[in-house]
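Trainee: To convert, note that position 130 of the sequence shown is 130 in the working numbering; the numbers rise steadily by one, no gaps.
Don't take each hint at face value.
Said to hold, decoys possible - Simulated restraints on C-beta separations: (1) M397 / N195: 53 to 61 Å; (2) E713 / P212: 21 to 29 Å; (3) P236 / E164: 54 to 62 Å; (4) N195 / S351: 46 to 54 Å; (5) T399 / V648: 24 to 32 Å.
Unchecked claim - With a straight-line cut-off of 27 Å between C-alpha atoms, the simulated DSSO-like cross-links for lysine-lysine are: (6) K719 / K692; (7) K755 / K314; (8) K253 / K856; (9) K877 / K724; (10) K724 / K692.
These are calculated hints, taken from the structure and not from any lab test. Backbone N, C-alpha and C define an ideal beta-carbon position, used for all residues, glycine too.
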Amino acid sequence: MIIIVLTSFLCFLGSASASVEEAEALLKWKASFQNPDNPLLSSWILPPNAANSSHSRKEIASPCTWYGVSCIHSVNWLNLTNSSINGTLYNFPFSSLPNLEYVDLTLNDLSGSIPPQIGNLSKLLYLDLQRNLFSNTIPREIGRLKNLQTLHLNANELNGSIPEEIGQLRSLSDLALATNDLDGPIPASLGNLKNLTYLYFYDNLLSGPIPPELGLLYNLVELYLYRNQLPGPIPPSFGNLNKLEVLHLYSNKLTGLIPPEIGNLTSLHSLSLFSNSISGSIPPSLGNLASLTLLHLYGNQLSGSIPKELGNLKLLEDLEFADNLLSASVPATLGNLSNLQYLYLRRNHLSGPIPQELGNLTKLVAMIMSENQFSGHLPDKLCESGVLRNFTVNDNMLTGPIPRGLKNCTSLLRAVFNGNQLTGNLSKMFGVYPHLDFMDLSNNNFHGELSGNWGRCRNLSTLKIAENNISGPIPPELGNLAQLGVLNLSSNHLTGKIPMEFGKLRSMLNLFLQDNQLSGSIPQEMGSLDQLLSLDLSSNSLNGSIPETLDLDELPGSTHIDISFNNLEGPVPPGRAFANFTIEQKKETERAEDTDVDEDGFYSVAIFDGREMFKQILKATEDFNATFCIGEGGYGSVYKANLPSADVVAVKKLHQSSEMTDRNGFLNEIRALTNIRHRNIVKLYGFCSDSKHSMLVYEYLERGSLADILSKEEEAAKKLDWQKRVNIVKGVAYALSYMHHDCSPPIVHRDISSKNILLDSEDEADVSDFGTAKLLKKDSSNWSALAGTYGYIAPEFAYTMEVTEKCDVYSFGILALEVIKGEHPGDYISQIMCASPGNLQLEDFLDQRLSRPTKKVEEVLVSIIKLARGCVAANPKSRPTMHIVSESLARVLNLCNIMWKIVQPG
């Protein structure tokens, strides 16, 4: 702060008085570097015989003209930030530079310990060693720097405890030790630092209760202790910090109550306590925080009612109390929060009606009230201002019709009403929503007919109206929904024919029309749905023959077709879709008897005839001729195979050394992986093996890998614009969230990298190679490959040799930065980890081949960088889950008013 002003002053001072001895001491340090010929330090030289020359010659030899060095009579300023220095501080001339006041060695590759001799720099005001590779403990001698005002040691690999002696630095105003591996308690002696304004200890392994002495830091403006292992209560003494603007204690092990004294912090802008074990009620005194814009208490054990006093927080923009034990009704005073944009109350025990006053919240972007016990009617005036994008009230006991405000809410992106008792004539309740992506009205009591207006919601990807009392025909206009991937109209009273226009739904993944009164034949056009995964037409009155077009030759991804309990007649089509259904049933019995392997050693698990496919692949690739190889991986080569059916598949031929842990375990894993169904995950069709070859058969995507596209020349990279790049990050996040949280057991990818992200013709991201590494022996020669791709591997793997979901989270963070920067972030990872939250310089992370993003897009990119920052935390316990990442990303896109296609996880 003060030091920055001093910087500008010193840059203009004369420099002729520094001694040759100081220069020689600095040169000795430079000589110890692993890269002493660093071109940035080319000015660091002494003329020949400078030490024995005249006075004027010594002036010429002064180090004060060197790069990064400034002087007042002697060297007092050393600024070598981002200078590509690879070395240590073991030969740093501490004793030869007694007048040093400013040292900034940020963003280098300095390693080893911080020497205890650093305590000899008694005049030091500013010390910044962040974003390096320093290890071991912080030396206690640092407590001797009595004049020190700024100490930045964040984003290194420091361990051990925080020295008590830091509490002796009474001039200190800025202390940052974040993003290290520091453990043990926070020293109570820090309560002596009465001038401290910024305290950053986040992303460490700190334990022990938060010392109440921190409540003596009356000048503190920002306090970041999040993502540690701090237990115990929040000290009531924090109520003394009347200058505090940011208090972030989330993702710890905090227990006890929220102290009512927190209500004294009238300067507080942001209070984030989520993901702890805090209990008790929300103190009404929080209603005194008149400057508050963000209040995050979700993911705790809070009980009791929501205080009506929170209605006084007129500047509040984000209120999130989800995943607690809150009960009683929502206070009507929340309708006074005129700036509120986000209201998240899901998964509590809240009851009673949703207050009509919430309809007054004209800036509300997201209202998430699901999984409570709300009853009564929805507020009449919801979305009258036309900015609401996400409205979710599923799994409550709501009754009555959809209010007029929601009917006319053209801004909606996502609306979820399922699992209530809502009523009314569906044909009159909904309008046209140009941006709507997801609508779920299932399991209610709606009646009437489906309106053709649904066909005008051109961005709709999911429409679910199952388990209602809908009657009449299915409107053919639904065939206009080019983005529709899920349509569920099951368990209603629909009549008439299945519209032949459904043949135009080329994005369809899951189509459920079962348990209705549909008649007529199955349209031949249904065979053109080449992305279909599930088709259920059972329990209707369909007649005629089964169309030959419903064949796996036309539906390469189909894994489930149910047309039972109809009046269909004629032969079953000879194609693989139906033949393999019978084959798979037989194989299930065989598997139970452990007879997967044929007499000749061939075995397979697939949604196709494995032996026939095996032969076709060998023929199509000419027995895996290198001509057909399209990629190399750590544990296999990938080949492109054009099959006789005109299908194209990607075949990963595993290396011969890729032994299986055990055959049955391997086959069980494959069965699980072939059941994965997600729009952002490459389909795995199955596995085949004989004595010579073992192969995995995947969906083939023409565009190739993200790595290849990002590495291409400028024009090719430009085609991957900012909107597409954000969609790629979003798609990968949703895919990983599905694998980690929606699959049972969870699936860890183990090798997320730009090489394993494939793009389809629309530049949508598809995660490939999922789960493959998990199938191989840990002691095989491929074990190094199993850890992932260099540059994406989580740091803890080096000492744990264990791969968890948090390893995928780390890799995702690296990938997200790579997508934005257009290349692997490399050294920028340390830069992003050390920047204080809100002080990220976007320019450093942008792909310079693309034009400057708009202001709105910039906001999205900064938010993605912040999310990525959390994902690459050194401590795996400090990283968010992919579920949190995907939800945060969806929230960011909503907040920034970006009208891009938003699809929820799964």
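Trainee: Now tell me, hint by hint, if it's right for this structure.
Mentor: Here is what the structure says about each hint:
The given range of 53 to 61 Å is respected by M397 and N195, whose C-beta atoms sit roughly 55 Å from each other. In this structure the supplied range 21 to 29 Å is violated for E713 paired with P212, their Cβ-Cβ distance being about 60 Å. A hinted range of 54 to 62 Å for the beta carbons of P236 and E164 is inconsistent with their spacing of about 23 Å. A hinted range of 46 to 54 Å holds for the C-beta pair N195 and S351, which are about 49 Å apart.
Separated by about 52 Å at the C-beta atoms, T399 and V648 break the suggested range of 24 to 32 Å. For the hint linking K719 to K692, the alpha-carbon distance of about 42 Å lies beyond 27 Å, and the restraint is violated. For the proposed pair K755 and K314, the alpha carbon gap of about 48 Å is over 27 Å, so the pair is violated. Taking the CA atoms of K253 and K856, the gap is about 36 Å. The hint is violated against a cut of 27 Å.
With a C-alpha separation of about 31 Å, the suggested pairing of K877 with K724 is violated against the 27 Å cut-off. Proposed proximity of K724 and K692 is contradicted: the alpha carbons are some 42 Å apart, above 27 Å.
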